[in-house]
Structures are given as structure tokens and as C-alpha cells.
Amino acid sequence: MRMTRQEISFTFDGRRVQAFDGDTYGSALARARVDVISRSFKYHRPRGLLCCAGRCPNCMVTVDGVPNVRACVTRAVDGGTVSGQNAWPSVRRDLFGAFDRLDRILPVGFYYKTFIRPRAAWPVYEGVLRRLAGLGSVRRTPRQADHATKRHMFCDVAVIGGGPGGSVAALAASQAGARVVLIDDQEQLGGHLAYSQATVTGDDVLNGLRGPEASARLEKLIRENPLIEHLPSTSAFGIYEGNLVGASRGDSLYRVRAKQIVVATGAFERPLLFHNNDRPGVMLASAILRLAARHDVRAGRRVAVVTEDDHGCAAALELASSGFDVTALVDSRPAASDQERSAAVRSRHIPVWEGATRIEVVGRSRVRQLRFDSGGGRRSVNADLVAMAARPEPVVSLLAQAGAKLVFDGSTGLFVPAECPANITAAGHVEGISDIAGVLKSARAAGTRAALRALGQPVATPARPLPGAPIGAAPPPPATRKAFVCMCEDVTVKDIKLAIHEGFDALETVKRYSTATMGPCQGKMCHSLSAGVHAGITGQSVGKTGLTTARPPFQPVTLAALAGPHLAPERQTALHDRHARLGARWVDMGEWKRPFIYTTVAEEYRAVREAAGIIDVSTLGKLEVTGRDAGEFLDWLHPNRFSDLRIGRVRYRAMTDDAGIVLDDGTVARLGPERFFLTTGTGAFDAVEQWLQWWLAGSRRDVQTINVTSELAAINLAGPRSREVIKRLTGADVSNKAMPYLAAVETEVAGVPAIILRIGFVGELGFEIHVPAEYGAHVWDTLMDAGHEFGIKPFGVETQRVLRLEKLHIIPGQDTDALSNPVDSGLGWIVKAEKSDFVGRAGIAALGSRSGRPLLIGFEVTGGGVPAEGAAVVHQGRPVGRVTSCKLSPGLQRAIGLAWVNPEHATEGSALSIRLGEGTSGTTTAARVHLAPFHDPEGARLRGGG
Amino acid sequence: MSFLLPCPQCGPRDVYEFRYGGEAQRRPAPGSPRSTWTAYLYDRTNAAGVEDAWWYHRLGCKRWFRAVRDTRDNTVLKSTAPTVPPRDANDPPGD
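Same order as they appear, the protein sequences are chains A and B. With numbering that gives the first Met the number 0 applied, the first sequence covers 0 to 945. With numbering that gives the first Met the number 0 applied, the second sequence covers 0 to 94.
Hints are computed from structural coordinates only; laboratory data are not their basis. Keep in mind that a hint or two might mislead.
Cut-off 20 Å, straight-line C-alpha distance, at most; resulting in silico cross-link-like pairs (EDC-like, lysine to aspartate or glutamate) [as the list claims (entries may be wrong)]: (1) A:K258 to B:D13; (2) B:K61 to A:D701; (3) A:K149 to B:D13; (4) A:K404 to B:E16; (5) B:K61 to A:E710; (6) B:K77 to A:E240; (7) A:K258 to B:D72; (8) B:K61 to B:E16; (9) B:K77 to B:E16; (10) A:K149 to B:D72; (11) B:K61 to A:E240; (12) B:K61 to A:E673; (13) B:K61 to A:D685; (14) B:K61 to A:E590; (15) A:K493 to A:D504; (16) A:K834 to A:D628.
Turn these sequences into a full structure, and let the hints guide you.
Here it is, written out as C-alpha cells:
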């Protein structure tokens with residue numbers, strides 16, 4: 000885009016480079032005559048621009064710290080910092096360039112052969128090899144991906160490719176009434192039309208226009224079309240199940256869900272094989288033309304064109320028309336087959352050399368000469384550019400990925416799609432049609448067909464002409480040391496020969512051994528080239544060799560794009576800012592933020608045990624279960640019974656699955672004849688709700704569940720003086736007679752409606768108060784004020800864990816796992832075996848036949864230290880159990896905890912040995928089994944008598 | 000995995016919106032032999048072919064439903080709101 004010519008500048012390896020606004024880093028470097036942009040993967044050979052279309056690996060640079068950016072398609076930014084990769088000290092002078100001379104001792108797969116002994120040294124070798132080979136370095140500090148975006152798009156037709164075919168297909172689809180998303184990896188629509196001088200025919204909207212005018216017309220028509228959304232500079236990297244197209248632009252990811260997909264990926268030139276075919280200045284013909292037309296940059300003055308088919312004539316003519324001095328057309332065939340074109344080339348005084356062999360580029364960091372044998376002697380042509388002009392090949396990778404069958408067309412020597420999956424249509428050059436009129440006709444038909452299908456009208460796919468008969472064996476590749484097949488991975492013809500010689504004779508095994516086609520270009524440059532070389536060496540036809548399997552991603556995608564922005568939800572309770580003001584330290588529990596601790600465990604502990612404490616328990620899952628069959632339904636889901644629970648009472652609940660495994664625990668309060676209030680642990684709510692819903696799915700039971708987790712704030716008031724505190728806040732009779740342990744009362748607290756549950760997880764007289772969330776802070780404040788004179792203190796999750804351990808109250812998920820049944824977890828008292836059937840009955844009943852099951856027991860550490868959660872319980876050096884919870888008890892001044900141990904160690908007073916350190920070398924400490932609660936074993940304080 | 004799963008309530012949605020709930024099977028009658036329970040709890044068909052399974056629309060209507068799907072290519076042949084509860088869930092869904 001040459002709209003403005005504002006000057007900007009950036010640095011490349013410290014050197015200032017002038018550019019125009021609208022330049023890419025690549026075009027600016029070419030204009031500034033910077034020839035060497037990168038160093039190759041293995042041999043550190045100098046590399047320069049090759050494709051200028053964002054496909055090859057040659058211009059990958061680090062831009063402002065981001066590695067592996069393709070300079071040729073990345074807009075230059077004023078003040079940008081660009082540096083070369085895989086070189087030291089710079090790509091211009093790379094000391095590792097010496098590797099290029101060591102190719103005889105660094106053959107394909109050398110690292111499989113050379114560095115295998117001694118085995119232990121491999122990590123050292125690997126470190127060195129990694130440093131010497133490869134691409135850019137990832138930044139040590141993680142990059143925030145907050146700028147990354149993910150967009151979900153839905154359309155009738157997704158068109159991949161914005162060349163003439165894709166653009167016309169998109170227009171045709173929109174004319175049929177379809178909503179279209181057009182994905183193109185170039186900045187501007189129209190593809191090669193932008194640098195083609197020919198007059199366009201074949202479609203009404205473009206007839207008679209020259210290339211650049213046609214390109215502008217397409218851009219305008221599509222911009223003005225309300226049914227088409229155009230995603231420029233966006234690479235479709237894969238076609239996935241459910242007609243999903245994955246595409247990315249920088250760190251933005253697009254998930255385009257389309258009813259129909261039109262693949263119009265066109266065709267692309269590939270490199271040719273000759274000695275030093277990777278030197279800076281050796282470029283694809285289209286790249287030279289593209290730079291000239293799009294950026295007004297001449298990558299050189301004197302061009303030698305190398306070809307092996309009639310495309311060379313066309314390229315030579317285009318280059319000459321674009322103002323280049325074409326110094327030779329070097330054709331490896333004995334004679335051109337298109338004599339008319341060949342004559343046209345000669346008429347422009349371009350020397351044509353046919354039957355050229357032993358083609359070689361001279362010049363190290365820039366092409367100086369092209370040498371070859373032709374007409375019975377060694378020829379030498381001066382040139383600062385070599386254009387590789389091979390016939391463009393259909394870009395079939397996305398089609399192949401999506402499941403299209405490819406066939407080898409012997410008449411053209413190209414792989415073309417034969418049969419596409421039902422929702423996918425190939426359009427244009429990718430079908431193997433090379434003339435522009437044919438491309439546009441195919442594209443218009445494909446676009447219309449896809450649109451009609453997307454809109455629900457069945458349309459038959461026209462029969463394709465059968466491909467030409469297979470040709471004979473592929474010609475053998477040139478016998479030279481430095482003809483590169485795969486630029487990404489530095490694989491030469493010689494390497495492939497050696498791989499085949501060593502027995503990797505199938506194309507797929509050659510690929511894996513040599514890594515050809517596995518680099519950043521994902522085979523765009525070398526997919527068919529390596530197949531051709533393989534066929535040539537093994538004496539087969541390319542049709543027989545076939546292509547290696549195409550897999551996504553077709554184009555590299557940044558991890559930031561795949562990861563997307565960090566959008567993990569965070570839930571705060573209604574009391575969050577109260578905790579913040581009190582200086583709480585936080586702990587993440589599921590999505591929730593909970594106060595971990597406010598002051599110290601000792602201080603908070605003392606308040607609860609001696610006066611009163613309050614803790615925000617709003618994160619408890621809360622579910623109202625109502626309906627005629629609610630009681631029976633809860634009986635069904637639990638080993639214990641709820642249908643007999645009296646209104647105004649609350650009961651402990653633990654739920655099991657059919658294998659008899661403990662899923663979660665909580666409480667059930669009965670608030671009415673058909674109304675139950677159920678609580679779950681903080682993290683368990685979703686699973687519990689889904690579990691209930693599942694058993695209700697399709698059921699005729701009259702049961703409804705309502706999630707009231709966020710609706711209610713919940714505060715647990717606990718401690719010997721808690722009754723005195725709550726008395727000041729409610730008119731209800733809170734005496735132990737009127738509101739005994741396990742009472743459930745609907746009343747008012749601090750002037751707002753509340754449910755009070757007389758329960759105590761921490762083992763003290765306690766009131767769990769549920770109020771509407773919007774009044775949560777008000778009730779908290781009122782409680783704190785009322786409790787002030789009694790010494791009330793807020794306590795956090797950590798203190799709560801210590802308090803509950805003194806009561807040996809278990810936390811499912813922490814103290815139980817996917818193998819824990821209620822009986823062995825110390826919850827055997829809830830199992831009502833007389834119940835006819837419930838979920839878990841069979842599993843619990845089957846326990847009887849298994850002996851020697853470990854049991855969950857309490858323990859106190861007598862030998863000092865605090866074992867970690869997960870620490871091993873050992874006996875005579877062998878593990879006999881493991882710790883699930885362990886904390887230092889301020890009351891007992893020693894560590895106490897819960898552990899699973901084998902039954903012979905589970906009796907009251909048994910001596911245990913628990914590891915303190917990691918692994919088997921850790922020291923152990925002595926502990927003793929303690930089956931009764933440490934605190935208030937009779938539960939007198941909990942019941943709060945008197 | 001990126002196929003669309005038609006929720007009987009909400010229509011076709013990305014499969015990531017759902018939770019897979021396992022193969023539909025009949026819960027053994029109380030008192031069935033242990034081998035029957037073991038098979039119910041631990042044996043899975045894991046069919047390479049047509050499978051009838053439970054799905055939960057986690058990020059949508061939060062309802063369970065049954066989908067008949069070919070696991071080889073994730074074609075969903077049928078999805079229906081359940082008419083029988085999981086305890087006798089081997090009946091074909093819907094009809």
C-alpha cells in the first residue's frame with residue numbers, strides 16, 4: 000500500500016534503516032540493500048528474502064523482543080528494534096558460519112550417531128546443540144498475553160484465501176445471500192493480480208482490467224459489501240471438526256465456524272534445486288515482482304531467471320516489463336515446450352540457455368554470478384538476483400488436512416484435490432486451474448455453490464475431468480553438496496540421498512529422519528519438492544511417492560494466541576471489602592477468594608476458643624431443594640435419611656456415589672414440609688448440583704433445585720460467648736432450650752431475614768447465619784460491633800482448619816480421595832443400612848468382603864515437628880499410610896492431624912512413625928493414634944448447654 | 000475435538016460448552032450380584048462407533064440430555080431431552 004510516503008526508521012542489528020510508512024521490515028531491508036537477514040538452522044548459512052509472502056523461514060527476525068517474526072509481511076514500525084537470529088555476533092558476521100564447511104562431518108541425523116556415548120553426557124551435548132542450532136530465543140520473562148484476543152465468528156461461508164479466486168468466490172457467495180468471512184494472509188486482496196501486467200478475463204466484475212486495477216476493484220467491492228467480513232493479514236492454520244477454521248493474526252485467534260468452507264489457497268512457486276540455491280539474492284520470481292509492485296523496491300538490477308518449465312518464460316517477460324535487466328533465462332530442459340513464449344523472450348534480447356546442467360550460484364552473502372553447463376560449455380552470467388521460476392503448485396495442505404483426497408495429475412505434474420468432504424469446496428488455482436479466466440469461473444461457481452448449500456439448497460458438485468495419466472519416473476536431482484530442499488531445517492539433496500541409503504526409504508520415514516518439511520514453513524516451500532527429490536532418487540514417479548500427511552498448523556501460531564487473554568473468573572463474597580479493610584491475606588479456593596488469615600492463628604484461635612470469632616462462609620454451596628418428593632430424593636442420594644428430619648432441624652450429610660465413594664459433605668436443614676436447605680463444601684457445589692440434576696433428569700419426581708449460593712451471604716459465629724453476641728441482634732429466643740444444637744430457624748438477624756443453623760464445624764457453640772447477600776456486610780458489621788465487648792475477632796480459613804482438626808472433623812477431598820468410603824473415613828455412623836436402596840448402598844455393602852482396608856485416624860505428633868500433608872507413615876522402613884492434614888495446635892502445643900493407615904496401626908494409642916522430609920532419606924518423627932477428638936470429646940461445648 | 004453438539008434446549012453449540020457424562024446404562028436392581036454392580040461401575044464399552052451418552056450443558060441451560068454419536072467422526076445422530084431417569088437409562092432416549 001503506497002498511500003503515504005512518510006519516512007520512518009528502525010534498527011536492524013544496531014544499524015539504522017530508513018523506511019517508508021507502509022513498508023514491511025522485509026521491503027525496507029531490501030531497499031536498504033541489507034542482503035543477509037538470517038542464518039540458517041544448522042549450517043548458519045547467510046539467508047535473505049526468498050518468498051516475500053510470509054511463507055518461508057528466511058526472513059525470520061526478532062522484533063522488539065518477539066522472536067521468529069517474518070520480516071517480509073510485518074509492517075515496519077517507526078523506532079522498531081529488529082535483530083537477526085541464530086547468529087553470533089550478528090547475522091552479517093556469524094562466527095558459527097564455519098559450520099557450513101563441516102557438512103561432511105555433520106550429515107543428516109548426525110546427532111543420532113555421534114553423541115550417543117557416553118549416555119550420561121547427552122544432556123551436555125544437547126545443551127550445546129540447542130544453543131548452536133535453531134531459531135530465535137524465547138524471552139526469559141513471560142510475556143503478558145493480556146493483549147491477546149480470541150474471537151468466535153459464525154458465518155454461512157468461510158473463504159480461505161483472498162487472491163482473485165477467493166475474492167470472487169466471496170463475492171459470488173454474498174450475491175447468493177450468504178454471510179461470508181474472507182480470511183487472507185496478505186494485507187491486500189487480489190493476490191498476484193497486484194503485480195501482474197496481464198489483462199483479466201473470466202468474470203464480469205473484472206473483465207478488461209489490468210492486474211493492479213482488478214486488485215483494487217476487488218478490494219473496493221468487498222469493503223463495500225455488508226455481507227462479507229474480510230480478515231486481512233490473517234492466516235488460516237487449520238480446518239477442524241465441525242467446520243471450524245482456526246486462524247490467527249499476531250496474537251489474535253479467530254475461531255470461524257462456517258456452514259461451508261471454500262478453500263481458495265491458490266498456488267505458489269517453490270524453490271528449484273541447484274548449487275547454492277539458498278544464497279541471498281536467489282528469490283522466487285513472484286517475490287521479486289511482489290516487492291517491485293507493492294513496495295516499489297528493486298531487490299537487484301540484473302536478474303538471471305532459472306526454470307524447468309514454461310513458467311520461466313512468463314516470469315522473464317514479467318520481470319523485463321517491470322524494469323529489470325534480465326540477463327539470462329536458464330532452462331534445465333533441452334527445449335522449451337511453449338515455443339511462442341520462448342520466441343517472445345528472445346525477441347526482448349534475453350539470452351535463453353537450454354539444457355542447462357550443473358547450475359551454480361557464485362557469491363557468498365550475495366549472488367554475483369550464475370554458472371551452468373549449456374551448449375557444450377561452461378557458461379557464466381553476471382547477475383545480482385536469481386529468480387527461481389517454477390510453475391506455481393496448488394497449495395493443497397489445508398484441503399488435505401480437512402480430508403480431501405489428492406490425486407497426482409500426470410499431465411501437469413501437480414497434486415490436485417480430487418474429492419472434497421461435503422462441507423468443503425476447492426476454488427480456483429488450488430484446483431489445478433492456472434489461467435486467470437479459468438480460476439475466476441471456477442471460483443464464482445464454487446462461491447455460489449457453497450452459499451446455496453449453506454442456505455439449505457442441495458447442489459451437485461460438477462464432475463471433475465480425470466487427471467492426466469501418470470508420468471514416468473521423476474528426474475534425478477542434481478548431484479551437488481549444497482542444493483537445499485528444506486530451507487527451514489537445512490536439509491540438502493545429499494542428506495535425503497543419505498537417508499534413503501541408510502534405509503529410510505519411505506517418504507514419511509525420510510521426513511522424520513531428516514526433519515525435511517518439519518520446520519517453521521510447515522512444508523510450504525518443500526512439501527512437493529522433497530517428494531520430487533525422493534521420487535528422483537528412488538526412481539519412482541511422484542504420483543507413486545505421494546505427499547506426506549498434512550497436519551495443522553499450516554502456519555505457525557503464537558502460544559499467546561492459543562492461550563488467549565487470561566480470563567479466569569474470580570469470585571468475591573459480599574463481605575470481600577470488609578476482609579480487605581481488616582488486612583486479610585487471601586487464599587484461592589476454586590474461583591473464590593477467601594481470607595486465609597487476618598492476624599495470627601494463635602490470636603484468632605484464642606478468640607474462638609475463649610470468646611467469639613466470626614468467619615465468612617458465604618462460599619459454601621447453597622441449594623434449596625423443594626417439592627413433594629424432596630425428602631425421598633435426598634434419602635435416595637445419601638446413606639442417611641432426611642425424609643424423617645423434623646422441620647426446624649439440621650442434619651449432617653455426606654453423599655456417596657454408587658461405588659460407595661464419599662463425594663462431598665455438608666448439611667441439610669428442613670425449613671418446611673417440602674422445603675430443604677442444603678449446603679456443600681466450597682469447591683464441590685457445581686459437581687453436587689450436576690449430580691442432583693443428573694438423577695432428576697427424565698425423572699417424574701416432584702423435586703426442584705435452586706442454586707442460592709450467591710444469593711445468600713453466610714457468616715459463622717462461634718465461640719463460648721457467641722450466644723451473647725447474637726442475642727443482641729435478634730428477637731428470636733436463642734436460648735439452648737429454644738434453639739438447641741442442630742436447630743434450624745428462619746428469623747431476623749440485625750433487621751434482615753435470616754436462616755440460623757445451630758452447628759459448629761470448629762467445635763464451639765456456633766451459629767451459621769445465612770442472610771441475603773446484599774445485607775451481608777451490614778450483618779457482619781453489626782456482629783462485629785455487638786461482639787466488641789466480648790472480644791470478637793474475625794478468623795480465616797487457616798485458623799478454621801486448625802480448629803476443626805482439634806475436633807477431627809474431616810474435609811472431603813482433603814482427607815478423602817476417589818477411593819474413600821464413609822465407613823473407613825470415620826463416617827460409618829451416617830450409613831443407615833436398613834434403608835431399602837440408595838446411591839452407594841451396593842458399594843458400601845461390598846466393603847464387608849474386603850479386609851485389611853486402611854482407616855482414617857487422628858494422630859498427635861509426640862516427637863516434634865509438623866509433617867507435611869501427604870507425608871508417609873512408615874513402619875520398619877515400609878510405608879503403611881499417609882498424612883492428609885496436619886497442623887500445629889495452639890491449644891495442645893503440638894502437631895495434630897489426620898492420616899490413612901493400615902488397620903493394624905489404627906488402634907487407639909498405636910505408635911506411628913511419620914516422615915518429615917522428602918523421599919526415603921528423610922528423618923521421621925514419632926506420633927500416636929488418637930481416635931477421639933482432641934477438643935471437647937464429649938461435645939458439651941458444641942451443644943452449648945446451660 | 001471441535002464438533003458441534005445439538006443441545007435439545009439451546010440448539011447446536013460448541014462441544015466445549017458441555018460436560019461429558021458417560022455412557023448411558025441401566026443401574027442394576029438392588030440386590031443384584033456383585034459382578035453386575037462391578038460391570039455397571041467400572042466396565043465401559045468405549046465403542047469405536049455409535050455411542051449413547053449423557054451430556055450436561057455446563058455453559059448453557061444446565062440441563063442433562065442424551066446424545067447418540069458416532070465416536071469415530073463425532074457425527075451426532077440424535078440428541079434428546081431424557082424421558083427416563085438414569086436409574087433405568089438404557090432405554091433409547093426420546094421415543
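Results of checking the hints against the structure:
{"no.": "1", "hint": "A:K258 to B:D13", "verdict": "14 Å, holds"}
{"no.": "2", "hint": "B:K61 to A:D701", "verdict": "18 Å, holds"}
{"no.": "3", "hint": "A:K149 to B:D13", "verdict": "15 Å, holds"}
{"no.": "4", "hint": "A:K404 to B:E16", "verdict": "32 Å, violated"}
{"no.": "5", "hint": "B:K61 to A:E710", "verdict": "18 Å, holds"}
{"no.": "6", "hint": "B:K77 to A:E240", "verdict": "18 Å, holds"}
{"no.": "7", "hint": "A:K258 to B:D72", "verdict": "17 Å, holds"}
{"no.": "8", "hint": "B:K61 to B:E16", "verdict": "10 Å, holds"}
{"no.": "9", "hint": "B:K77 to B:E16", "verdict": "18 Å, holds"}
{"no.": "10", "hint": "A:K149 to B:D72", "verdict": "26 Å, violated"}
{"no.": "11", "hint": "B:K61 to A:E240", "verdict": "24 Å, violated"}
{"no.": "12", "hint": "B:K61 to A:E673", "verdict": "23 Å, violated"}
{"no.": "13", "hint": "B:K61 to A:D685", "verdict": "10 Å, holds"}
{"no.": "14", "hint": "B:K61 to A:E590", "verdict": "19 Å, holds"}
{"no.": "15", "hint": "A:K493 to A:D504", "verdict": "14 Å, holds"}
{"no.": "16", "hint": "A:K834 to A:D628", "verdict": "16 Å, holds"}
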